[in-house]
Amino acid sequence: MLIAINNDCERAFTMTRFSALSLLKNAVTGHKGWTEQWPDSQPKAEYDVVVVGAGGHGLGAAYYLAKEHGITNVAVIDKGWLGGGNTGRNTTIIRSNYLYDESARLYDHALDLWEGLSQELNYNVMFSRRGVMMLAHNQHDIQSFQRHIHANRLNGVDNKWLSAKEAKAFCPPLNIAPDARYPVVGAALQMRAGTARHDAVAWGYARGAAARGVDIIQNCPVTSIRRGPDGAVEGVETARGFIKAKKVAVSAAGHTSVLMDSAGVRMPLESYPLQALVSEPVKPIMPCVVMSNTVHAYISQSDKGELVIGSGTDQYTSYSQRGGLPLIEHTVAAICEVFPIFNRMRMLRKWGGIVDVTPDRSAILGKTPVKGLYVNCGWGTGGFKATPGAAHVLAHTVAKDEPHAINAPFTLERFTTGRLIDEAAAAAVAH
Amino acid sequence: MLLIKCPYCDETLPELEFAYAGEAHITRPPTPAEASDEEWRDFLFIRSNVKGAHYERWRHVHGCGRFFNAVRDTVSDRFLVTYPAGGLRPAVDDVTGSSK
Numbered sequence: 018m019l020i021a022i023n024n025d026c027e028r029a030f031t032m033t034r035f036s037a038l039s040l041l042k043n044a045v046t047g048h049k050g051w052t053e054q055w056p057d058s059q060p061k062a063e064y065d066v067v068v069v070g071a072g073g074h075g076l077g078a079a080y081y082l083a084k085e086h087g088i089t090n091v092a093v094i095d096k097g098w099l100g101g102g103n104t105g106r107n108t109t110i111i112r113s114n115y116l117y118d119e120s121a122r123l124y125d126h127a128l129d130l131w132e133g134l135s136q137e138l139n140y141n142v143m144f145s146r147r148g149v150m151m152l153a154h155n156q157h158d159i160q161s162f163q164r165h166i167h168a169n170r171l172n173g174v175d176n177k178w179l180s181a182k183e184a185k186a187f188c189p190p191l192n193i194a195p196d197a198r199y200p201v202v203g204a205a206l207q208m209r210a211g212t213a214r215h216d217a218v219a220w221g222y223a224r225g226a227a228a229r230g231v232d233i234i235q236n237c238p239v240t241s242i243r244r245g246p247d248g249a250v251e252g253v254e255t256a257r258g259f260i261k262a263k264k265v266a267v268s269a270a271g272h273t274s275v276l277m278d279s280a281g282v283r284m285p286l287e288s289y290p291l292q293a294l295v296s297e298p299v300k301p302i303m304p305c306v307v308m309s310n311t312v313h314a315y316i317s318q319s320d321k322g323e324l325v326i327g328s329g330t331d332q333y334t335s336y337s338q339r340g341g342l343p344l345i346e347h348t349v350a351a352i353c354e355v356f357p358i359f360n361r362m363r364m365l366r367k368w369g370g371i372v373d374v375t376p377d378r379s380a381i382l383g384k385t386p387v388k389g390l391y392v393n394c395g396w397g398t399g400g401f402k403a404t405p406g407a408a409h410v411l412a413h414t415v416a417k418d419e420p421h422a423i424n425a426p427f428t429l430e431r432f433t434t435g436r437l438i439d440e441a442a443a444a445a446v447a448h
Numbered sequence: 004m005l006l007i008k009c010p011y012c013d014e015t016l017p018e019l020e021f022a023y024a025g026e027a028h029i030t031r032p033p034t035p036a037e038a039s040d041e042e043w044r045d046f047l048f049i050r051s052n053v054k055g056a057h058y059e060r061w062r063h064v065h066g067c068g069r070f071f072n073a074v075r076d077t078v079s080d081r082f083l084v085t086y087p088a089g090g091l092r093p094a095v096d097d098v099t100g101s102s103k
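Sequences listed follow chains Z and C, in order.
Letter by letter, the first sequence follows residues 18 to 448 of my numbering.
Letter by letter, the second sequence follows residues 4 to 103 of my numbering.
Extracted from the complex, chain C is given alone in its bound form:
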C-alpha cells in the first residue's frame, strides 16, 4: 500500500484515499483550432511513461477532494515529493537528491 502525503491536508495517508489522475504538466494546445493532428496526438495520447522519476497527478478523493501533483519513482514506487496543482515542476535532481 502506498503512503501518500496530501500537500493541502499536510497528512500522509494510505493510497485508498487517493485516485491517480495521469501524467502531470501536460498542457492543452493554446490555440486548439490551429493545432495539427500531430499536436493533438501528443496532447491526447503520447505519455512519457518514465522508468524513474515520474511527474503525475493525484486527487485526494476521500479527503479534501483536491488535485495535486507528485513526483514518484516508478521503479520503487516511492513518493519523492508532492506539491499543489499549478505549482512549478520541481527539477528531478532537487527531488531525488542526485547530482547526475
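For reference, chain Z alone in the conformation it holds in the complex:
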C-alpha cells in the first residue's frame, strides 16, 4: 500500500531515541511500543539535492548534508531496498593502513568517525576495534609490509610488525607451521582497525537522515540523469517519473558508470562481481580479522558466530551479482591453508556484489565536468571501511560545490593529468 506523504505537515515522523530506559520500558511492555525507524517516503516533484544510491555512503551523505550543512530538502533514491547493495554484501572490515598520504588521510578520517558513530547516530553500529592482521608469507611480503608500517606511522596511522609467534599469540587458530606451503613469517597489525555491523550503518544513517527531513525513496530505479540546455543538471528520470533537483550526487557503486553515461560523462570504471561467504555459526574462535594477500584470503567472525570469508573479484566484468564458483574454491582453499582448524566447517551461503573498480584502485569523489553533478564511486572492493568518511566529505563537496581538503586529490581529472593515487600497486591487500 502506498500512501503519498507529499507535504511537510504530513511528514510527522519523529525519531525515538534509544536509551537504556527506552529498552527497559519496551521490554516490560512486550515490545509493542516501538515505532518505525524511518518513513517509506514518496518522491516530491523537486529537491535541492538528490542522492542516487541508498547505501551507507549515500545515506550518510544525506545525513551530513542535513546535520552539518542545514540542507534538508534532500532525497536518497534507490532501485532496491536501502542497504541492499554492497553495504549489505561486504565483509565489514574497517582499516586505514593504506600506503599513500592521500589514502591514509581519507581512510583515517573515516576511522575517526567510525569510533564515535554509534553515539553520533544513537544507533549501535557495533564497531569493534578487534584489530586487522595482515599475514606475510615471503621476503617480498616482509619488505612491503614493513614499508607500509613505516609509511603509516609517518602519517599517524597505527600499524605494527609482529613475528610469526606474536601473530599466533594474537590469533591462536592461525597455523604458523614452517612446513606449510606458504608459511606465515610475520604480520602487520593495525590495532585500531576492526569490524562493524554493516546493516546497522545504513539503518543508523537512514534513521538520522529521515529525522532531519530527508526523504528515503526505495524501489525506485533512477534510469537517467537529465541535463538542461545550459548543460547543468536538471534532475533525474526515475521509474516513478521525473524528479527535479538542483544538485545530484551519484553514489551507485557498480552501476555508477551506467548512470554517468546518461549524463554524458564517461567514467574510468569497470564493474566486477566480488563474492563473500559465511559459515555456520560457531562459538567465538576468531579474535580479530586476518587477511593474506599472498594466498588471498580474509576472514573474521561475526558477533552471530559465523565465519565471514571474503573472496577476490572475478576476472571478468559483470552486473550479475553472482560470480563464479572457481573464486570460492580458491578462497576456501586458502582459508584451509592458513587455518587448518576450519577445514571441516560447513559454509551456509555465498553471494556477490558488483564493485566499481578504477584503474588506480582509488576512489573518485568530487565534482564532475557537469555543473551540479557530483560523484562518489570507484571504491572497488574496499568501500565499506570508508563509509562515514566518504559520506562526510561528499556532503561537504555537494554543499559547498567544492571538495573538502581530504577528497580534493580524488578527482576525476587525475586520469587526464596523470596524478594517480596508485593503490593498485601499493594496496595493502590485493584490493
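Some hints could be false.
[What the hints assert, rightly or not] List time: in silico DSS-like cross-link candidates among lysine-lysine, alpha-carbon distance up to 30 Å: (1) Z:Lys367 with Z:Lys96; (2) Z:Lys84 with Z:Lys42; (3) Z:Lys42 with Z:Lys321; (4) Z:Lys263 with Z:Lys84; (5) Z:Lys388 with Z:Lys84; (6) Z:Lys367 with Z:Lys300; (7) Z:Lys177 with Z:Lys388; (8) Z:Lys300 with Z:Lys185; (9) Z:Lys61 with Z:Lys388; (10) Z:Lys300 with Z:Lys182; (11) C:Lys54 with Z:Lys96; (12) Z:Lys300 with C:Lys54; (13) Z:Lys263 with C:Lys54; (14) C:Lys54 with Z:Lys384; (15) Z:Lys84 with Z:Lys61; (16) C:Lys54 with Z:Lys261; (17) Z:Lys388 with C:Lys8; (18) C:Lys54 with C:Lys8; (19) C:Lys8 with Z:Lys367; (20) Z:Lys367 with Z:Lys263; (21) Z:Lys417 with Z:Lys263.
If you're looking for bench data, these hints aren't it; they were derived computationally from the structure.
The hints should help you fit chain C onto chain Z, whose structure is shown.
Frame of chain Z; chain C shown alone:
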C-alpha cells in the same frame, strides 16, 4: 563456472582454462606523440563497462595460448559469440538476435 568456446580450438571449455583480458576493439592512438592528454585518458582508462552485450578479449591460456574476442551479456554472463582476434566487430543485433 562459465563455459567458453575457443574459436581456434573449436571446443567449449570451462572458464578455468581462460584468462580475461579486458575490453576488446580498443585501438592505440595512431600517432601517440601527437595524442592529447584526453586521448591518452580515453585509451588508457575509459572503458564502456556495458550493462548488456560487452565486447571483450579472452586468452585460452591453458590451451592454445591465443587471444580471441567475445561478446558476452554482462547481466546473464552468457557468451553470445566468440571470434578470432583481429576479426571485425559483429553488430550487437546480429549476436543477440534482437531487432531493436
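Results for each hint:
1. Z:Lys367 with Z:Lys96: Satisfied, since the Cα-Cα distance of roughly 22 Å is no more than 30 Å.
2. Z:Lys84 with Z:Lys42: 29 Å, holds
3. Z:Lys42 with Z:Lys321: Answer holds: Z:Lys42 to Z:Lys321 is near 26 Å, not above 30 Å.
4. Z:Lys263 with Z:Lys84: 19 Å, holds
5. Z:Lys388 with Z:Lys84: Distance ~24 Å between Z:Lys388 and Z:Lys84 Cα, so the pair holds.
6. Z:Lys367 with Z:Lys300: 21 Å, holds
7. Z:Lys177 with Z:Lys388: At roughly 44 Å apart (the allowed maximum being 30 Å), Z:Lys388 and Z:Lys177 break the hint.
8. Z:Lys300 with Z:Lys185: Distance of about 19 Å is within 30 Å: holds.
9. Z:Lys61 with Z:Lys388: Distance ~22 Å between Z:Lys61 and Z:Lys388 Cα, so the pair holds.
10. Z:Lys300 with Z:Lys182: 24 Å, holds
11. C:Lys54 with Z:Lys96: Answer holds: C:Lys54 to Z:Lys96 is near 15 Å, not above 30 Å.
12. Z:Lys300 with C:Lys54: Not satisfied, since the Cα-Cα distance of roughly 42 Å exceeds 30 Å.
13. Z:Lys263 with C:Lys54: 28 Å, holds
14. C:Lys54 with Z:Lys384: 24 Å, holds
15. Z:Lys84 with Z:Lys61: 21 Å, holds
16. C:Lys54 with Z:Lys261: 26 Å, holds
17. Z:Lys388 with C:Lys8: 46 Å, violated
18. C:Lys54 with C:Lys8: The hint holds at about 22 Å.
19. C:Lys8 with Z:Lys367: Holds: C:Lys8 and Z:Lys367 sit about 27 Å apart, inside 30 Å.
20. Z:Lys367 with Z:Lys263: 40 Å, violated
21. Z:Lys417 with Z:Lys263: Holds. Z:Lys417 to Z:Lys263 sits at ~13 Å (cutoff 30 Å).
Checked against the numbered hints listed earlier, the structure breaks hints 7, 12, 17, 20; every other hint is satisfied.
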